[in-house]
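When you get a sec, could you build the whole thing from the sequences and use the hints?
This note's numbering numbers the first residue of the sequence shown as 1 and each following residue consecutively.
Derived from the structure by calculation, the hints contain no laboratory data. Cβ coordinates follow ideal geometry from the N, Cα and C atoms, glycine included. Some clues are possibly wrong.
[To be verified] What follows is a set of in silico ranges between Cβ atoms, one per label pair, in the way DEER data are often shown: (1) Asp191 - Val308: 24 to 30 Å; (2) Ser277 - Gly208: 44 to 50 Å; (3) Ala194 - Asp300: 38 to 44 Å; (4) Gly289 - Gln188: 57 to 63 Å; (5) Ala251 - Ala194: 41 to 47 Å; (6) Asp128 - Ala251: 52 to 58 Å; (7) Lys18 - Arg197: 44 to 50 Å.
[Stated by the list, open to error] Derived pair list, reagent style SDA-like, types lysine to any residue, alpha-carbon separation capped at 25 Å: (8) Lys211 - Cys276; (9) Lys29 - Gly77; (10) Lys318 - Cys276; (11) Lys227 - Glu110; (12) Lys21 - Thr45; (13) Lys29 - Thr45; (14) Lys227 - Arg198; (15) Lys29 - Ser76; (16) Lys273 - Ala251; (17) Lys273 - Lys296; (18) Lys243 - Lys255; (19) Lys273 - Asp252; (20) Lys37 - Ser13; (21) Lys310 - Ser275; (22) Lys29 - Thr68; (23) Lys203 - Ile30; (24) Lys9 - Ser25; (25) Lys18 - Ser253; (26) Lys259 - Ser290.
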Amino acid sequence: MSASTVHVKNISSATSEKEIKDFFSFCGKISTIDVTKSGETQSATVTFEKETAAKTALLLDHTQLGSTQVQVSSASGSNDDDGSHFTQNTERDSDEITQEEKPRARIAAEYIAHGYVLGDQAIQKAIDLDTKHGVSTRFLSTLTSLDQKYHATDKAKSVDQSYGVTTKANSLLTGLTSYFEKAAGSKQVQDIHAEARRLADLKKQDSGVSKVPGTEKTTCKCASDSKNCPCEAGKCACSGCEKSDVKKIAADSEKTTCKCGGDTKVCGCAPGKCSCSDCPKAKTEPVAGSDKSTCKCGGDDKNCPCEVGKCACSGCSK
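This is how it looks when you write it as structure tokens:
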């Protein structure tokens with residue numbers, strides 16, 4: 001079989017084909033994917049456009065996907081990696097940075113940033129392969145070339161509409177400053193985890209994650225779909241999201257319930273919308289003709305569910 005194909009075993013029967021495809025798409029472009037039932041689990045044959053992607057996929061052997069650890073092996077029967085398959089600058093047909101060009105350590109950081117669990121052993125192997133085959137050095141050369149073309153480092157420091165940067169260039173420049181700061185020199189496992197945290201923060205910003213005032217909850221743009229939710233489990237305040245305990249009491253009602261137990265610090269409901277017993281947010285009322293609201297905080301901001309500067313209760317610091 002082709003060196004661009006990998007076999008995947010021990011996939012949970014609850015894992016969808018889309019989830020399998022999403023998981024392996026970080027490695028590179030997928031040509032075909034064939035999923036078959038295998039007893040209580042599933043197996044898959046994934047064929048990539050390039051051998052480089054398949055070699056990267058081998059790093060995912062014994063990595064968690066859903067509720068199981070998957071087993072990944074090369075269809076060619078050889079798991080050796082001599083580095084001869086890496087994309088060269090001369091082969092690039094556009095200025096887009098492809099997954100196949102990126103150092104494996106960078107791809108490892110992207111996996112972790114998206115919530116996947118990658119063991120330190122796999123991360124270290126990715127670092128070792130990058131070093132052995134000079135991938136980071138070659139990638140830095142690519143970025144330097146693109147920087148000379150787009151003056152990327154200047155724009156990446158403060159990408160703004162005033163620069164008139166095209167959408168294509170914007171996607172190209174995202175994170176480029178970090179690349180230039182970190183691509184050279186040796187990396188350690190902790191550096192990859194640090195980069196993963198940075199990427200996760202960027203992902204949250206792009207997804208519109210914002211903190212619900214006075215609580216540990218956050219809202220986002222998941223549209224109640226937990227697969228698109230970047231919030232931490234149990235902390236999304238979007239009604240209907242599986243990561244949220246906020247539920248509508250009825251389809252035609254604006255009132256919601258949660259598991260706050262009357263504690264505004266853990267209540268993700270909007271002011272005036274919580275129907276949980278004893279919750280101050282259940283007793284929030286808008287002040288007519290203004291953006292202010294009243295509650296039953298008794299002037300104590302610790303019990304006040306109103307937004308900062310919008311409480312109309314006497315004596316409350318909000």
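Each hint, compared with the structure:
1. Asp191 - Val308: 24 to 30 Å: violated, 38 Å
2. Ser277 - Gly208: 44 to 50 Å: With a Cβ separation near 32 Å, Ser277 and Gly208 fall outside 44 to 50 Å, so the hint is violated.
3. Ala194 - Asp300: 38 to 44 Å: Cβ of Ala194 to Cβ of Asp300: about 40 Å, so the range 38 to 44 Å holds.
4. Gly289 - Gln188: 57 to 63 Å: At roughly 59 Å between Cβ atoms, Gln188 and Gly289 fall inside 57 to 63 Å, so the hint holds.
5. Ala251 - Ala194: 41 to 47 Å: holds, 45 Å
6. Asp128 - Ala251: 52 to 58 Å: holds, 55 Å
7. Lys18 - Arg197: 44 to 50 Å: Between Lys18 and Arg197, where Cβ atoms are some 26 Å apart, the hint is violated.
8. Lys211 - Cys276: This hinted pair holds, its Cα atoms lying about 21 Å apart.
9. Lys29 - Gly77: holds, 21 Å
10. Lys318 - Cys276: Roughly 23 Å between the alpha carbons, so the hint for Lys318 and Cys276 holds.
11. Lys227 - Glu110: Roughly 17 Å between the alpha carbons, so the hint for Lys227 and Glu110 holds.
12. Lys21 - Thr45: Status holds; Cα separation ~11 Å.
13. Lys29 - Thr45: Roughly 14 Å separates the two Cα atoms, so the pair holds.
14. Lys227 - Arg198: Judged against 25 Å, a Cα distance of about 21 Å means the pair holds.
15. Lys29 - Ser76: holds, 19 Å
16. Lys273 - Ala251: holds, 14 Å
17. Lys273 - Lys296: Roughly 14 Å separates the two Cα atoms, so the pair holds.
18. Lys243 - Lys255: It holds: about 19 Å lies between the C-alpha atoms, which stays within 25 Å.
19. Lys273 - Asp252: Distance ~13 Å between Lys273 and Asp252 Cα, so the pair holds.
20. Lys37 - Ser13: holds, 8 Å
21. Lys310 - Ser275: holds, 21 Å
22. Lys29 - Thr68: Within the cut-off at roughly 24 Å; holds.
23. Lys203 - Ile30: holds, 23 Å
24. Lys9 - Ser25: Within the cut-off at roughly 17 Å; holds.
25. Lys18 - Ser253: violated, 34 Å
26. Lys259 - Ser290: violated, 30 Å
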